[in-house]
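Colleague: My request is simple: use the sequences and hints to build the entire structure.
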Amino acid sequence: MTTQALPSALAAIVDDFQALSEPERLQLLLEFSEGLPELPDRLKDHPELLEQVVECQSPLFLTIETDNGGGPVRLFFKAPAEAPTTRGFAGVLHEGLDGLSAGEILSVPDDMPELLGLTRAITPLRMRGMTAMLGRIKRKVAAASRVRG
Amino acid sequence: MPYAVEQNEKFAAYAHPERLVSTEWLAAAIKSGAVARGELIVVESDEDVLLYETGHIPGAVKIDWHTDLNDDVARDYVDGAAFAELAASKGISRDSTVVIYGDKSNWWAAYALWVFTLFGHRDVRLLDGGRDKWIAEGRELTRERPAPARGSYPVVERDDAPIRAFKEDVLAHLGKPLIDVRSPEEYTGQRTHMPAYPEEGALRGGHIPTAASIPWARAAAPDGTFRSREELEALYLGEAGLTPGDDVVAYCRIGERSSHTWFALKYLLGFESVRNYDGSWTEWGNAVRVPIVKGAERGSLPVPAGA
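Chains as they are written, first to last, in this note's numbering: chain A, 1 to 149; chain B, 1 to 307.
Keep in mind that the hints were calculated from the coordinates and are not lab data.
Think about it this way: if two alpha-carbon atoms lie no more than 30 Å apart in a straight line, the pair counts; the simulated DSS-like pairs of lysine-lysine are:
#1 B:294 <-> B:176
#2 A:44 <-> B:133
#3 A:138 <-> A:78
#4 B:133 <-> A:78
#5 B:62 <-> B:31
#6 B:62 <-> B:133
#7 B:31 <-> B:133
#8 B:62 <-> A:78
#9 B:31 <-> B:10
To list a few chain A residues with every Cβ distance to chain B over 10 Å, as calculated:
#10 7
#11 15
#12 18
#13 20
#14 35
#15 47
#16 50
#17 145
Ideal Cβ positions, reconstructed from N, Cα and C, are used throughout, including at glycine.
Modeller: If you want it as structure tokens, here you go:
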């Protein structure tokens, strides 16, 4: 798998990770964790609008929003500060996918998280959480597209 | 050289008070320069591999339960050479006093302490209340990574038998006390993994016949510290029905939560023979033809074939 198939923002993130040594990759993931935007107030007050991704080691909730005209998909994540790895994964997906079209998000390969080169430093067990997060986003985007017809 | 042991009323009631230190004690030891001088090594061990990086106790080094302590090929712990290298790189020598702390009521810290004990490291203690209590008390955190002087650690062969049980050991142990420390839903077989945790794949749900269900976190108070001796006795001698002197095996899903219970039974209540079955449910729930009981009752031992 190459980064050519990825949307450009995500490809740039993957390139950034791959250019680093393993310890530096962890540091970059920590920066993504810190850069994860807060939920907007309309979601903050309505936790029931978010879905939990249970495959993540720590609580992670997410949702998507789309308009009805095939416009950009917005992504929203919530994870506690005590779960920086999970937050970092969410930060990568937010920066790499937020605002893209449904088609662009659905074209991201399911095993994209492996391209970050974190599997050894983080362990396959923990990487599973990010793969599950991406899978959940794609399922929700696909379902929203179907509804729209 | 071992560092002085903390004396206080709560710890004095435990069988091995020398295995715990309080946050006040550690803060004073740091202030005195003992950590900076390497007389006391503080280790953080968390579930989340990046939590240490977000801020840790000044002078603390990080040991990750998974990447540092587990072999990355076989399902086993690192060998003597890898452990010696890990310890030395963290500034730990064979005679160092090591204080381990971590998140989630020291769940992962207890696991790291158990692995240190497999290698016979003599003086390894837990920070009562762990990371959360330290933070709740508003104590200092830093992002500065210490650069400890290399320790001197011999290659010691792991001695598993006294504190680690394998599946065959558990089969031979049946009839003697077992403590299942997983959630009630895992115990009954309603689910095979923790709520909100990754499904690690067990084909069968339930528990090992006759095991008592005492979820691990019941040994901890809301502030993450261990419950008092009296409370622990009510839990393990009362509710679980253990008798002092019993030979006990504790298990969970992959052996981490049961390390916390192992610590409480071994060092706080003073059971001499306590083993952690680290294969736990991810092994037992997938093993062919081992006996399993479903539901909330402990169940009885299977009748041996031909009996």
